[in-house]
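Each residue of the sequence shown is one higher than the one before, starting from 1 at the first, in the UniProt record's numbering.
If you're looking for bench data, these hints aren't it; they were derived computationally from the structure.
Check each hint, because a few of them may be wrong.
As the list claims (entries may be wrong) - If you anchor each label on the Cβ, the simulated ranges turn out as follows:
(1) G59 - T28: 16 to 24 Å
(2) G59 - R5: 35 to 43 Å
(3) P21 - N80: 15 to 23 Å
(4) P21 - M67: 12 to 20 Å
(5) G69 - S47: 40 to 48 Å
(6) H49 - V73: 14 to 22 Å
(7) S75 - P21: 33 to 41 Å
(8) V73 - P21: 31 to 39 Å
(9) A65 - R8: 20 to 28 Å
Unchecked claim - Lysine to aspartate or glutamate pairs mimicking EDC-like chemistry, simulated, CA-CA at most 20 Å apart:
(10) K17 - D38
(11) K10 - E36
(12) K14 - E36
(13) K30 - D78
(14) K83 - D38
(15) K17 - E90
(16) K14 - D78
(17) K60 - D78
(18) K30 - E90
(19) K30 - D45
(20) K17 - E36
(21) K19 - D45
(22) K17 - D45
(23) K19 - E36
(24) K19 - E90
(25) K14 - E90
(26) K30 - E96
(27) K83 - E36
(28) K14 - D38
(29) K60 - D45
For clarity, every value in this text was computed on a predicted model and none was experimentally measured.
Even glycine gets a Cβ: it sits at the ideal position worked out from N, Cα and C.
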Amino acid sequence: MRRSRGFRSKTRHKLQKVKRPGRSNPITRKIQSFSEGDLVHIIIDPSIHRGQPHPRFHGKTGRVAGMMGRSYVVSIRDGNKEKQLVVRPEHLQMQE
């Protein structure tokens, strides 16, 4: 039987959540808003599957290029290419 190569394969350690007391998914992460041109970090929340970018982009920083429904279009550089990711706000953090 062939091995499964799903969207989250090889992410056992990368997509682990630190166990802490309190709410695991605060509503403030979901309702945060960004404007066009903001620098954001892509930090995947593994407990929310919707709107996740591919795990290879976890930890990368990009610029908000626009909106697409409730999600944000984030522009990042991947090597020499400019890529557009559609990411929900739960997986984004504003750069300080």
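Consistency of the hints with the structure:
1. G59 - T28: 16 to 24 Å: Holds, at about 21 Å.
2. G59 - R5: 35 to 43 Å: Violated, since G59 and R5 (Cβ atoms, about 22 Å apart) do not stay within the stated range.
3. P21 - N80: 15 to 23 Å: violated (45 Å)
4. P21 - M67: 12 to 20 Å: Given about 34 Å between the Cβ atoms, the range is violated.
5. G69 - S47: 40 to 48 Å: violated (21 Å)
6. H49 - V73: 14 to 22 Å: holds (19 Å)
7. S75 - P21: 33 to 41 Å: Roughly 37 Å apart at Cβ, these two residues keep to the hinted range, so it holds.
8. V73 - P21: 31 to 39 Å: holds (35 Å)
9. A65 - R8: 20 to 28 Å: holds (25 Å)
10. K17 - D38: violated (26 Å)
11. K10 - E36: violated (33 Å)
12. K14 - E36: violated (28 Å)
13. K30 - D78: violated (26 Å)
14. K83 - D38: The hint holds at about 16 Å.
15. K17 - E90: This hinted pair holds, its Cα atoms lying about 14 Å apart.
16. K14 - D78: holds (19 Å)
17. K60 - D78: Measuring from Cα to Cα gives roughly 9 Å; hence the hint holds.
18. K30 - E90: holds (5 Å)
19. K30 - D45: Given that 20 Å is the threshold and the Cα spacing comes to 11 Å, the pair holds.
20. K17 - E36: violated (29 Å)
21. K19 - D45: OK: K19 and D45 at ~13 Å, within 20 Å.
22. K17 - D45: holds (8 Å)
23. K19 - E36: violated (33 Å)
24. K19 - E90: holds (18 Å)
25. K14 - E90: holds (17 Å)
26. K30 - E96: Roughly 19 Å separates the two Cα atoms, so the pair holds.
27. K83 - E36: holds (16 Å)
28. K14 - D38: The given pair, whose Cα atoms are some 25 Å apart, is violated under the 20 Å limit.
29. K60 - D45: Holds - the C-alpha atoms of D45 and K60 are around 14 Å apart, at most 20 Å.
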